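Undergrad: Protein chains in written order, with my numbering: chain A, 1 to 208; chain B, 1 to 208.
It is worth saying that the hints were derived from the structure and are not from the lab.
No experiment lies behind these values; they were computed from the predicted model shown.
Here a beta-carbon is modelled for each residue, glycine too, at the ideal position from N, C-alpha and C.
Don't take each hint at face value.
Claimed, not checked - Beta-carbon label-pair distances, calculated as ranges:
(1) 97/B to 153/A: 35 to 43 Å
(2) 104/B to 154/A: 36 to 44 Å
(3) 19/B to 152/A: 53 to 61 Å
(4) 204/A to 164/B: 35 to 43 Å
(5) 163/A to 87/B: 45 to 53 Å
(6) 87/A to 134/B: 40 to 48 Å
Unchecked claim - Within a straight-line C-alpha distance of at most 30 Å, the following computed DSSO-like cross-link-like pairs (lysine-lysine) qualify:
(7) 145/B to 206/B
(8) 206/B to 206/A
(9) 206/A to 145/A
(10) 59/A to 145/B
(11) 59/B to 49/B
(12) 49/A to 59/A
Unchecked claim - On the chain A side, residues computed to face chain B include the following (Cβ under 7 Å):
(13) 110
(14) 175
(15) 181
(16) 183
(17) 195
There are 2 protein chains.
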Amino acid sequence: MADKPARKRRSDGERSREAILRTAAQLVTVEGIGGLSIGRLAEAVGMSKSGLFAHFGSKEELQLATIEAANALYDEQVVDPALAAPTGIERLNALVDNYMPHVEEHVYPGGCFFASVIPELDTHPGAVRDSALAFMSSWLGHIEKTIRDAQAEGTIDPAEDAEQLLFEIEAAMMLANAMFVVSQEATPLVRARRAITRRLADAAPKAA
Amino acid sequence: MADKPARKRRSDGERSREAILRTAAQLVTVEGIGGLSIGRLAEAVGMSKSGLFAHFGSKEELQLATIEAANALYDEQVVDPALAAPTGIERLNALVDNYMPHVEEHVYPGGCFFASVIPELDTHPGAVRDSALAFMSSWLGHIEKTIRDAQAEGTIDPAEDAEQLLFEIEAAMMLANAMFVVSQEATPLVRARRAITRRLADAAPKAA
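Model the full structure from these sequences, guided by the hints.
TA: Put into C-alpha cells, the structure is as follows:
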C-alpha cells in the first residue's frame with residue numbers, strides 16, 4: 001500500500017480504484033449516498049479503512065469520486081454511443097433507447113444512479129449535490145441539443161418548444177426507472193418508450 | 001406524561017401526536033426516512049425520548065405513523081377535494097391541479113413526501129416500504145379511475161389505453177416535483193400542467 005498512490009502511472013491502482021468505485025456506486029443506490037462512508041465501503045469491499053483512506057482521503061472525496069465514476073459509466077453506456085449517431089433525431093432516440101437497458105440490466109441494484117441520489121441530495125447544498133446536479137444538467141443538455149439539431153434538420157417542427165419537449169421526454173424516462181425499481185417489470189420502460197415515440201410523432205413537421 | 005396515552009379519548013394528545021408527526025414528515029423529506037429515529041425526532045421537537053416512546057414505541061412504528069400522517073394530509077389537500085368534482089375529467093384535472101400547490105407551497109421542505117421516500121425505500125423490503133407503496137398504488141388508482149370514468153362519460157376517447165395515459169400524467173407530475181425541489185422555480189410545474197393539458201386534448205374523442 002503506497003502512502004501517496006501515483007494513480008496516473010499505475011494501471012493496477014487505476015483498475016482497483018475503478019472496481020472499488022463501482023461497488024461504492026452500487027451501494028449508494030441501495031443505502032443512499034449519505035451512508036457512503038470510508039468505513040462502510042471498507043466493509044463492503046473487504047479492505048482496510050486505511051487502505052481506502054490512501055485512495056480517497058475523506059468521506060466527501062469518496063462521494064465525489066463515486067459520482068464521477070457513475071458519470072463516466074453512464075457516458076460510456078448511454079451518452080457516448082448515442083452521440084455517435086449521424087442525425088439529431090437518431091441521437092435523441094438513441095439517448096432514450098440506451099437508457100432503458102442501463103436501467104433494466106441492473107447496472108445498479110437501485111436503478112439509475114442519479115435518479116437515486118438526487119432526491120436524497122436535493123435539500124443538502126454542497127459539493128456532492130453540485131456534482132450530481134452538474135451531471136443532470138449535462139444530461140438534459142444533451143437531450144435538448146439533439147432536439148434543436150433535429151429542428152434544424154427538419155425532423156422536429158421548429159415551432160415546438162424544445163425545453164417543453166425535453167421535459168416530457170425526461171419525465172417518461174424518470175418514471176420508467178422509478179417504477180422499474182419497484183416492480184422489476186419491463187412494462188414501465190415500454191410505456192415510456194411508447195410515450196416518447198408518440199410525442200416525437202406529434203412533434204414531426206406538419207405536412208404543408 | 002401518561003404511561004399509556006388513551007389517544008382516542010384525548011384531543012390534546014391527538015393534536016400533539018399530529019404536530020409531532022407533521023415535524024417527522026418534514027424531517028423525512030430532508031434527512032430520509034431511514035434517519036427518522038425516536039432519538040432524532042425527540043431532538044427536533046424538543047421532547048424527551050421517553051415521551052416519544054410513549055407515543056410510538058419503536059422506530060418502525062414511528063416511520064409507519066409518519067407515512068400514515070403524510071397520507072392523511074395528502075388526502076385532505078389533494079385527493080378528497082378533487083374527488084368531490086362531479087365528472088371524471090374534472091376529477092382528473094383537479095387531482096393534477098391540487099398536486100401543484102401541494103408541492104409549490106412547501107408543505108414539506110423536500111417536496112412531495114412520497115416522491116421523496118419511495119426512491120429511498122424501493123430496495124428495502126418491509127412494512128415501511130409496503131406502506132409507502134400502498135399509498136402510491138392508491139394514488140395511481142385514483143388517477144386511473146378518473147380516466148376510466150371520463151372514458152365512460154365520453155370526454156376521453158375509449159380507445160385510449162388508460163394505463164398508458166395514467167403513466168404519462170404521473171410522469172409529468174413526478175418530474176415537476178423533482179425539478180421544483182432542486183430549482184425552487186415554478187417552471188417545471190407549469191411545464192407539467194401544459195404537458196398534461198395537451199395530452200388530454202389529444203385523448204379527447206375524435207370528431208366523427
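Undergrad: Please go over all the hints and tell whether each is borne out by the structure.
TA: Hints, one by one, checked against the model:
1. 97/B to 153/A: 35 to 43 Å: holds (37 Å)
2. 104/B to 154/A: 36 to 44 Å: holds (38 Å)
3. 19/B to 152/A: 53 to 61 Å: holds (56 Å)
4. 204/A to 164/B: 35 to 43 Å: Taking Cβ atoms as reference, residue 204/A and residue 164/B lie about 20 Å apart, which means the hint is violated.
5. 163/A to 87/B: 45 to 53 Å: violated (33 Å)
6. 87/A to 134/B: 40 to 48 Å: The hint (40 to 48 Å, Cβ to Cβ) holds, given that residue 87/A and residue 134/B are roughly 45 Å apart.
7. 145/B to 206/B: At roughly 21 Å apart (the allowed maximum being 30 Å), residue 206/B and residue 145/B satisfy the hint.
8. 206/B to 206/A: holds (19 Å)
9. 206/A to 145/A: Between residue 206/A and residue 145/A the Cα gap is close to 21 Å, so the pair holds against 30 Å.
10. 59/A to 145/B: Violated, at about 47 Å.
11. 59/B to 49/B: holds (11 Å)
12. 49/A to 59/A: Distance ~11 Å between residue 49/A and residue 59/A Cα, so the pair holds.
13. 110: holds (5 Å)
14. 175: Because about 4 Å separates residue 175/A from the closest Cβ in chain B, which is inside the 7 Å limit, the hint holds.
15. 181: holds (5 Å)
16. 183: Status violated, d = 10 Å.
17. 195: holds (5 Å)
Consistency with the previously given hints fails for numbers 4, 5, 10, 16, ordered from lowest to highest.
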